[in-house]
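**Student:** Start from the sequences and build out the full structure, keeping to the hints where you can.
For reference, the chains in residue letters:
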Amino acid sequence: MSWQKSLSSTIGRKIMMSLSGILLILFLAGHVSGNMTLLLGKADAFNAYAHFMSTNPAVQVIANVFKLFFVGHIFYAILLTRQNKKARGGEAYKVSNKDGSSVSKYMGVLGSVIGVFLVIHLSQYWAVMHEYAGTIGTTTVDGVQMKDLYSVVATSYQNPMIVGGYVVSMIILAYHLWHGFASAFQTLGINNKRYTPVISFVGKAYSIIVPLLFAAIPVAMFING
Amino acid sequence: MAGETINIKLKIWRQAGQGKPGKFESYEVNDVSVDMSFLEMLDVLNENELKKGNDPVHFDHDCREGICGMCSLYINGKPHGPKHGITTCQLHMRTFKNGETIVVEPWRASAFPVLKDLMVDRTAFERIQQAGGYVTISTGGVPDANEIAIPKTVADEAMDAAQCIGCGACVAACKNASAMLFTAAKVSQLAVLPQGKAERKRRALAMLEQHDSEGFGACTNTGACEAVCPKEISITHIARLNREFTRAAFSGSETDYTN
Ligand code: SF4
Ligand code: FES
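Heads up: the sequence lines are chains A and B, in that order. Numbering that gives the first Met the number 0 puts the last residue of the first sequence at 224; the count rises by one with no breaks. Numbering that gives the first Met the number 0 puts the last residue of the second sequence at 258; the count rises by one with no breaks.
Calculated directly from the structure, the hints in this document are not laboratory data. Predicted, not measured: the structure shown is a model, and the values here were computed from it. Some hints could be false.
[What the hints assert, rightly or not] 27 Å max Cα-Cα, derived DSS-like pairs, lysine-lysine:
| id | chain 1 | residue 1 | chain 2 | residue 2 |
| --- | --- | --- | --- | --- |
| 1 | B | K22 | A | K93 |
| 2 | B | K82 | A | K93 |
| 3 | A | K203 | B | K96 |
| 4 | B | K50 | B | K22 |
| 5 | B | K96 | A | K93 |
| 6 | B | K19 | B | K115 |
| 7 | A | K104 | B | K82 |
| 8 | A | K97 | B | K51 |
| 9 | A | K192 | B | K151 |
[As the list claims (entries may be wrong)] Away from chain A, derived, C-beta distances all over 10 Å, residues of chain B:
| id | residue |
| --- | --- |
| 10 | N6 |
| 11 | S25 |
| 12 | D30 |
| 13 | V33 |
| 14 | D54 |
| 15 | G84 |
| 16 | D120 |
| 17 | S137 |
| 18 | G140 |
| 19 | D159 |
| 20 | L192 |
| 21 | K196 |
The C-beta atom is built at its ideal place from N, Cα and C for all residues, glycine as well.
**Tutor:** As structure tokens, this is what we get:
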């Protein structure tokens, strides 16, 4: 079987969904740990972190690879959804079936909301940081002059609409991960008595803890004023 | 000795033939013995309809004891009805309440076109099987029993998969009309045994390729299939199919096995 044929088969496409999903899960872990500087209220540490992330050449390479995973995850999701809708056929059941994981039935909807969140999120911070939009001041940390992303973030989190939207998006993300984390391993064929209980426990813990930490940041910054 | 009986209402999908438009028709069947199976109740309905000169409701059946996989029927939103781990022919009317309305639909999936009423074409499953669901055997003298040592746990695993009767309930329940549970069961029952391992790569690739070309969907690990499977085939077999496919597709050493 050629590479092209393998990758365009149902399982091949699912493997691409799964691998890109697992790497995006890792991305979230990296992102949330950097953001902990915000939760701890360390403006200089956050700015130094943002400066490093936007200037370090190795990080730039990794960031571009992650962009590919995002695009790939969305691309394969669209391909598979189209294929699955076609397979289901035109005539719908009069009484629909309620069996199985209900979260899994809404992965596309949940993912689309996350996609919308991502566009807004990037336009608010990433685009400003890279001076594609908005204005950003400068600050000096340890004698190095750098952009003051902290002030941009702190200002935005005084807006209850932004804070609310962020929290809702993180709840949606939690649901997406709730199914996605363990599902990615099932797709890779990792389902056995030894690992599956660990994977599903870690998956559930991860899908609560990571979005919770993300959501805690704007809420804490809003409360602290 | 007259046992307990109930009266029921039915809403049944009627369709004159493949590609023809269909619609639901309402029926009433009275004095149904609760000891009857669902199919026997349909037999009663059909006798009544025949007496009235109407076209009987077409449905598939054969063994009527849960082993052949011919019976189907999507009853009140569940393939094989509301009970767990049984086929429609094993479903008894005592499951239903007096006066209840039961909605009966055919399996729905692009790869399972309706032939008439509740009968669908499931030959796609046969083509998946023919693509690789077998072991190539050079016939010769009869080998000694137990010549090949197979641990009990492995034999049990193969037997669990081999329980699949090819009914198609997994496809009917799946939101993606995926036949992964069926294909996985047919790959698994051979993949774990020494006799089956010799052709595992060719088998996994060929059966998945056939699965896809029949127009079944991809698995989203929703698990509706294992919930409705009358033989309680587990989705751990789908994980095995994924492994079998991955090792075959990416190891590259047996690509010449494909057509
Ligand atoms: S896996 Fe279960 S539901 Fe699917 S065809 Fe086999 S017996 Fe029927
Ligand atoms: S008729 Fe054979 S399994 Fe139901």
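**Student:** All hints, please: hold or fail.
**Tutor:** Right, here's what the structure says about each hint:
Taking the CA atoms of B:K22 and A:K93, the gap is near 11 Å; set against the 27 Å cutoff, the hint holds. Between B:K82 and A:K93 the alpha-carbon distance is near 19 Å, which keeps this suggested pair within the 27 Å criterion. Under the criterion of a C-alpha separation no larger than 27 Å, the hint pairing A:K203 with B:K96 is inconsistent with the structure, at around 40 Å. Pair hint B:K50 plus B:K22 holds up; C-alpha atoms about 22 Å apart against a cutoff of 27 Å.
Restraint check for B:K96 and A:K93: the C-alpha separation of about 20 Å stays at or below 27 Å, so the hint holds. A distance of roughly 9 Å separates the Cα atoms of B:K19 and B:K115; the hinted pair therefore holds under the 27 Å criterion. Restraint check for A:K104 and B:K82: the C-alpha separation of about 23 Å stays at or below 27 Å, so the hint holds. For the hint pairing A:K97 with B:K51, the CA-to-CA distance comes to about 37 Å; that exceeds 27 Å, so the pair is violated.
Between the alpha carbons of A:K192 and B:K151 the distance comes to roughly 17 Å, so the proposed pair stays at or under 27 Å and holds. With 10 Å as the threshold on Cβ separation, the claim that B:N6 sits away from chain A holds: the shortest Cβ distance comes to roughly 21 Å. With a least CB separation of 12 Å from chain A, B:S25 remains clear of the 10 Å interface cut-off, as annotated. Non-interface call for B:D30 relative to chain A: holds, since the shortest CB-CB distance, roughly 26 Å, exceeds 10 Å.
Non-interface status of B:V33 relative to chain A is upheld: no Cβ of that chain comes within 10 Å, the nearest being about 22 Å off. Every CB of chain A is more than 10 Å from the CB of B:D54 (nearest about 20 Å), matching its label as outside the interface. No beta-carbon of chain A is positioned within 10 Å of the beta-carbon of B:G84; the least distance is around 13 Å. No Cβ of chain A approaches the Cβ of B:D120 within 10 Å, the least distance being about 13 Å, so the stated non-interface status holds.
The claim that B:S137 lies off the interface holds: its Cβ sits roughly 26 Å from the closest Cβ of chain A, which is beyond the 10 Å cut-off. No Cβ of chain A comes within 10 Å of the Cβ of B:G140; the nearest lies about 36 Å off, and the non-interface call holds. In this structure B:D159 is separated from chain A by more than 10 Å, as the shortest Cβ-Cβ distance comes to about 14 Å. Against the 10 Å criterion, B:L192 stays outside the reach of chain A, whose nearest CB is about 18 Å from its own CB.
Its beta-carbon lying about 16 Å from the closest one in chain A, B:K196 satisfies the requirement of being farther than 10 Å from that chain.
When each numbered hint is compared with the structure, violations occur for hints 3 and 8.
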